[in-house]
Amino acid sequence: MKKVIVLILSLAMMFACGALLTSCGGSGGEGESGQAMQVGLVCLHDENSGYDLNFINGFKEACEEEGIEYQIKTNIPEGQECYDAAAELVDSGCGIVFSDSYGHQPYMIQAATDFPDVQFVSCTGDRAKTEGLDNFHNAFATIYEGRYLAGVAAGMKLNEMIDEGKITKDQAKMGYVGALTYAEVISGYTSFYLGAKSICPDVTMEVTFTGSWLNETAEKEAANKLIDNGCVLISQHADSMGAPTACEKAGVPDVSYNGSTIDACPNTYIISSRINWTPYYKYAIEGMMNEGSFDTDWTGTRETESVLLTEINDKVAAKGTQEKIDEVAAKLDSGEIKVFDTSTFTVSTIDEKTFTNLGAKTDADGHLTSYMADVEYDEKFTGDTEAVKDGYFHESEFRSAPYFNVQIDGIKLLDTKFEAID
Amino acid sequence: MSKANREPLIHITKRKEMDWKQAWIIRVISIVCALIVCALVTMVMTGQDPLSIFGAILEGAFGTERKLWILGKETAVLLCVSVAMAPAFRMKFWNLGGEGQMLIGAWLTAACMIYLGGKVPSVVIILISLIGAIAIGAVWAGIPAFFKAKWNTNEVLFTLMMNYVAIQLVAYYIIIWENPKGSFNVGIINQSTRDGWLPYIGSFQYLLNILVVAAVTVLMYVYLQYSKHGYEIAVVGESQSTARYVGIKVDRVIIRTLLVSGGICGLCGFLMVAGTDHTITTTLAGGRGFLGILVAWLAQFNSLAMVLVSLLLCVMSRGAGEISTDYGLNQSFGDILTGIILFFIIGSEFFINYRINVRGSDKVIKEAKSAGPEGGLH
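Respectively, the protein sequence lines represent chains A and B.
For the first sequence, the positions run 1 to 422 when my numbering is used.
For the second sequence, the positions run 1 to 378 when my numbering is used.
Only chain A is shown next, with the shape it has when bound in the complex:
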């Protein structure tokens, strides 16, 4: 019992000290700065994750340009904590709340139901179109175009290595470190591969998954495994510096994601693609101030400057990479090239047991003629929308979040392993 009293008293004292200090300090806590409208962002991780950093930088930039106060909540897991964080942001006067991770979505929907006067945006989410809530929105960008162009840079590098005799055509194998096995990642690595293949027709690729958006050790190990398997160029869709630093150590060229890694990897970094969220944030914040009238489902494009490539590292990239990228980009913009042009790839595996490529139909050569994509959100993941028309797969047209999840030939999935422990 003595112990209890002691603890009560010591804690009471701590709080008393704290309370005293607050009342003296006075200026602490920006939370209650009057009635001015604020905006909030909920992040899965913090600045140490390249993915979240990209969101945070874009958010700060947009808020500063719009001249609006902001609050950012970092390290919010994909659980009830997300709802709590969103509700706290509403309490402190936010008129719009963004979240940056797919798994936040159901909690954001819950918050949108409970706070009908506040706008909620689940970036990278896919349910806004079918949820029927006026104040719940999704946004994504056609990042597959950025990855395709980054793939062009990779193809140029492979060709240079072949020309210099460093590798043979058969050895033109790339490696890709993926986070999870769903459409967002599949669409990403496939567009990267197709970009490389448009330049270096013999290229193949191996993909391995870490099962987590952010796990530096696993990402490093995955990159090392791919390099040991004979991959001569690496790219990734996972959030840490694991893969780029593994490449730098092994001296293997790397196409990064979410931002330039040139400072840490000056001898291997080639180029990186990223989504620039600033245009969307500005659009949504202006829409919020305009009584919440903005798109339920918004797709950023190269035209809205939502899809960017970072600077090319001339030290590593093949000669003429910039010119080639400019040329391909112009064709992409004019519509002359489609990323998922069905004549550029074949599909040979359709397997009901493993749910591989269900809903795909191909012609005699293996080219895709029809694919029922799961665009409308439902519990059973049934294909509901024909995505193949006019000779290409219409990615991010029916919904902003990617739905291309076809397993194409030339890409070998090493595993679909899920590392449960972060």
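Calculated from the structure, these hints are not laboratory results.
Every residue, glycine too, gets a C-beta built ideally from N, C-alpha and C.
Any given hint could turn out to be false.
Said to hold, decoys possible - Capping the alpha-carbon separation at 27 Å, the derived lysine-lysine pairs in BS3-like fashion look like this:
id, chain 1, residue 1, chain 2, residue 2
1, B, K249, A, K412
2, B, K67, A, K361
3, B, K67, A, K60
Claimed, not checked - Far from chain B, by Cβ distances over 10 Å, these chain A residues were calculated:
id, residue
4, Y102
5, D126
6, V232
7, M241
Stated by the list, open to error - Quick list of the computed label-pair ranges, beta carbon to beta carbon:
id, chain 1, residue 1, chain 2, residue 2, range
8, B, Y115, A, T301, 41 to 47 Å
9, A, S348, B, K150, 54 to 60 Å
10, B, Y164, A, D91, 54 to 60 Å
11, B, R194, A, E291, 27 to 33 Å
12, B, Y200, A, E352, 41 to 47 Å
13, A, T354, B, Q191, 47 to 53 Å
14, A, S370, B, I336, 29 to 35 Å
15, B, P121, A, T301, 55 to 61 Å
16, A, E397, B, R194, 31 to 37 Å
17, A, L133, B, K150, 53 to 59 Å
18, B, K150, A, D91, 50 to 56 Å
19, A, D326, B, Q191, 43 to 49 Å
Mind docking chain B on chain A? Use the hints.
Frame of chain A; chain B shown alone:
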């Protein structure tokens, strides 16, 4: 020769029972020292005004009505695990499996919600998952206890490994339940029907959890302090030979206590899934299974003192979130401050139990000698 005989500059002796007032003063001094060190570290490392940082921590924990509820919810979960750990650790059974026992209870609750949702009334789902979660948590702790009691296996390794079994089992089922495929994300279970969700009391979503944990805490206090079982646990913890000599069936006490410990962990998993989160992830327990051990030890297995210790830890962690929002400091900075405070609290126990003697103080040497041969720690 004279050098070898020389008394060491500093030596440490065990104190006799200390006057509680004196012990109390030492503890208060340690808290004050902790706050001063926290302030210094804050100034040196961040250049921020430490007073406003302390203010923000309190603001983040207690600032609004919602923050109070969230604090209550977080404290309830941590307290529940700590209360579950207490009987096992008091018996000196090192149950490091709280994480897995929680998770397996959570897993069973989620399974009931998914497979029974829409088929039977919500009340039935709640009852089945409640009983199931407690039972499976008890089994998860009971297995290592059985092996310990029968064959004296190492419970540290055994309980720890059971965590990984639980985590991998949950991971396996998440892949079956995930939505959409490949996202490793189950989402909110039965979001539209709310089947298997615990009801809100009034409009307070977290109140039921807090009340349940409060009841469990009081029951555990009574169980450990006043029941025959509680006494047996204490005796087994002090010395198994003594326990056998006075006729306590040690095997039975070990197994029975672990069933209680695991059952409460299972209940905690149930409360998290059915009461607040309504989803299942491999990280749902979030290290609380281990943090609960710290809480139980710091409170010296007194369930009521655990309320305060778990509250302290939750205030610090909620405050850490607040300072990262307000000052752009990384969340880890809050962890550093928590670490400093815990260091001083644990450190104060050392000064309460031992005396430090500096060379040349005769009075001290006499006292040390009178304390007997086992008293000195040289």
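- Task: Would you list, in rising numerical order, the hints stated earlier that this structure does not obey?
- Result: Hints 1, 2, 4, 5, 10, 13, 14, 15 are the ones this structure does not satisfy, whereas the remaining hints hold.
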